[in-house]
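*Asks:* Below are the chains, spelled out letter by letter.
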Amino acid sequence: MSLRVLVPIKRVVDYAVKIRVANGRVDTANLKHSMNPFDEIALEEAVRMKEKKAAKEVIAFSVGPTKSQDVLRTALAMGADTAVHVEVAEGQEVQPLQVAKLIKAFAEKEKPELVILGKQAIDDDSSQTGQMLAGLLGWPQATFASKIEVKDGSKITVTREVDGGLETISAPLPAVVTADLRLNEPRFATLPNIMKARKKPLTKLSPKDLGVDVTPTIETVKVEEPPKRVGGAKVESVDELVAKLKAAGVV
Amino acid sequence: MASAIRFAAPKIASALRPATRLAPATRAFSQSAAAREGLNSLNTFTEEEQMLREAVANFAKNTIKPKVFEMDEKELLDKSVLKGLFDQGLMGIETPTELGGAGASFTSAIVVIEELAKVDPSVSVICDVQNTLVNTIIKKYGTQAQKEKYLTALAEGKVGCFCLSEAGSGSDAFALETTAKKDGSKYILSGSKMWITNSYEAEIFLVFANADPSKGYKGITCFIVEKDMGVKVAKKEIKLGIKASSTCVLNFDDIEIPADAVLGEVGKGYKYAIEALNEGRIGIAAQMIGLAQGAFDEAQQYMYQRKQFGSLIGDFQGMQFQVAQVATEIEAARLLTYNAARLKEEGKPFVMEAAMAKLYSSQVAEKAASKAVEWVGGVGFTREFPLEKFYRDCKIGAIYEGTSNIQLQTIAKMLKPKYA
Chain X
39 MSLRVLVPIK
49 RVVDYAVKIR
59 VANGRVDTAN
69 LKHSMNPFDE
79 IALEEAVRMK
89 EKKAAKEVIA
99 FSVGPTKSQD
109 VLRTALAMGA
119 DTAVHVEVAE
129 GQEVQPLQVA
139 KLIKAFAEKE
149 KPELVILGKQ
159 AIDDDSSQTG
169 QMLAGLLGWP
179 QATFASKIEV
189 KDGSKITVTR
199 EVDGGLETIS
209 APLPAVVTAD
219 LRLNEPRFAT
229 LPNIMKARKK
239 PLTKLSPKDL
249 GVDVTPTIET
259 VKVEEPPKRV
269 GGAKVESVDE
279 LVAKLKAAGV
289 V
Chain D
450 MASAIRFAAP
460 KIASALRPAT
470 RLAPATRAFS
480 QSAAAREGLN
490 SLNTFTEEEQ
500 MLREAVANFA
510 KNTIKPKVFE
520 MDEKELLDKS
530 VLKGLFDQGL
540 MGIETPTELG
550 GAGASFTSAI
560 VVIEELAKVD
570 PSVSVICDVQ
580 NTLVNTIIKK
590 YGTQAQKEKY
600 LTALAEGKVG
610 CFCLSEAGSG
620 SDAFALETTA
630 KKDGSKYILS
640 GSKMWITNSY
650 EAEIFLVFAN
660 ADPSKGYKGI
670 TCFIVEKDMG
680 VKVAKKEIKL
690 GIKASSTCVL
700 NFDDIEIPAD
710 AVLGEVGKGY
720 KYAIEALNEG
730 RIGIAAQMIG
740 LAQGAFDEAQ
750 QYMYQRKQFG
760 SLIGDFQGMQ
770 FQVAQVATEI
780 EAARLLTYNA
790 ARLKEEGKPF
800 VMEAAMAKLY
810 SSQVAEKAAS
820 KAVEWVGGVG
830 FTREFPLEKF
840 YRDCKIGAIY
850 EGTSNIQLQT
860 IAKMLKPKYA
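Chains as they are written, first to last, in my numbering: chain X, 39 to 289; chain D, 450 to 869.
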């Protein structure tokens, strides 16, 4: 099997951190950041494919400021073979369409047979990059995957989590898959692998190298916290409940 | 303006200094000479050490934390937790990679011990003894054959323990009475050890026995003894704290050990023991600061959820003052610990600093754990809340690997030559 698997990952605010909205923005400056949890799952799947000999190389890829190197190093410590960092200026917003274009440019050069992404990033919850990437490349896509099987190195069978339950599809390679929660449980980076990660190659590129303009095409108009929960009231009888519902105009 | 004291940049022998230089301070007036010359604060860790800290913290939270209560109630280390420590590469931290270890720095071991202790000080000490006592001595004094055999086994799946103390000799370690009589090409090991950490799970025993009692402590020799040579694990102590860490009596009933079981030189065992303990001290200091921080963090979480008199109890100024005091002391203990670790890595004298770190950290741990129970009130006194365990666990810090009185004596002894 000679599959090369590309895993784009994103550095996001850690899932356990409490965020606050200030001055119309979420201030992320001093908060703890880590790899997007769905991207960890995607990476874990790729590393397992390598261990099962279904894949021969795992490439981790990230678009972000200098600090994104942290998550790339973690990816190497989890088992990726090489890492690619598309560096942008600190504070530069890169939106899903632009990320998809960058991945496309890289994929057209490197020609991986499979791209596995997390289904969505936990900071913007867009769930768009994988889908757009497939569209731009003209490749088949299997999103919200809870199981991936590689057959004969030329096609994949994917079980998808959809609203109605589970859907199983098959697609020829090359293809784009996005990982859902139940695909696997990511490993912890072991100490020997953390030490080995240092020696693995990390290449730096710029958006210009890939011929992509990262200027945002969507403007954020407003950011606000969800309305604070107000206490309810206790009612003594069904009649009182109906009266209150009528007064609130909901029946 | 920053102070004009200039330091000569130290010779950085160890390759494990931070690979990336810290960005200089952004305000011109605050950039000191030290920062410009690349001398960093004690909170500076290499990329590997930082990644390791996160990996171990996650591992401890997900794999160890759910089992802490059960292990403490049963007074037994869970087998899957022990396997997890080996699988994560945490039992051969400084062992060279050719021998199956991680080839990481001493400070990496300290980071691991600290992070494990934040979740369970029992598990932390198992890892501490393996790395800072057992692995260290074999690595330093073992023959190539011994290193290949034992360091690999210790990194991959076998637990080791450090057998020095006896019923009649604790602080007065050199008064030990276990003997190793030479008999042709072997030794006959006879005697008994007490208070030995890890002994229930161990398969490799570093036994300090006297090969020539006529020479007093200069006959003490270190032997690498394997379990199937006939080591008998006798009474397992029932303890106040660190209950999941096994502490047993060991009996050697005239067992035969081969001549090549001698580690290093005959009669130099006393020296190896002191050296190992001087370094192991930093490990215990790390366990204590981890314990203190773990207790502190648990208490803070509760204090910003619990309300009394209409306010979160963490917002009362009286509480905040106590919290600030404890946090300051934990930070001071942490800096003592990491400074001692870096001094050792740099090959500089560190014995006094290590003693200070262990002494102070054990005191801070006791205070932090005690305060944490008080801050959360009644629920902190129940066994289902993690704080009472930290309070019970902390007491051993002032006792093992050199009691606080021994630490004070060591510090005083090293201070005197500076003045008299």
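These are calculated hints, taken from the structure and not from any lab test.
As the structure is a computational prediction, the values presented were derived from the model and not from experiment.
Cβ atoms here follow ideal geometry from the backbone N, Cα and C, with glycine treated the same way.
Hints are not guaranteed to be accurate.
Label pairs and their calculated CB-CB ranges [as the list claims (entries may be wrong)]:
no.	chain 1	residue 1	chain 2	residue 2	range
1	D	Arg832	X	Leu69	44 to 54 Å
2	D	Ala776	X	Leu279	42 to 52 Å
3	D	Asn511	X	Glu205	44 to 54 Å
4	X	Glu146	D	Leu525	40 to 50 Å
5	X	Glu274	D	Asn507	22 to 32 Å
6	D	Arg832	X	Ala285	44 to 54 Å
7	X	Pro264	D	Gln766	57 to 67 Å
8	D	Phe518	X	Glu146	49 to 59 Å
9	D	Pro545	X	Gly202	49 to 59 Å
10	X	Leu69	D	Ala773	20 to 30 Å
Counterexamples of contact, computed for chain D against chain X with all Cβ distances above 10 Å [to be verified]:
no.	residue
11	Ala504
12	Phe508
13	Ala594
Subject to a maximum C-alpha distance of 30 Å in a straight line, what follows is the list of computed DSS-like cross-link-like pairs (lysine-lysine) [what the hints assert, rightly or not]:
no.	chain 1	residue 1	chain 2	residue 2
14	D	Lys528	X	Lys88
15	X	Lys238	D	Lys528
16	X	Lys90	D	Lys528
17	D	Lys532	X	Lys238
18	X	Lys88	D	Lys631
19	D	Lys589	X	Lys70
20	X	Lys234	D	Lys631
21	D	Lys631	X	Lys237
22	D	Lys607	X	Lys237
23	D	Lys667	D	Lys688
*Asks:* What are the numbers of the hints the structure violates, in ascending order?
*Replies:* 1, 3, 4, 5, 7, 11, 12, 15, 18, 19, 20, 21 and 23
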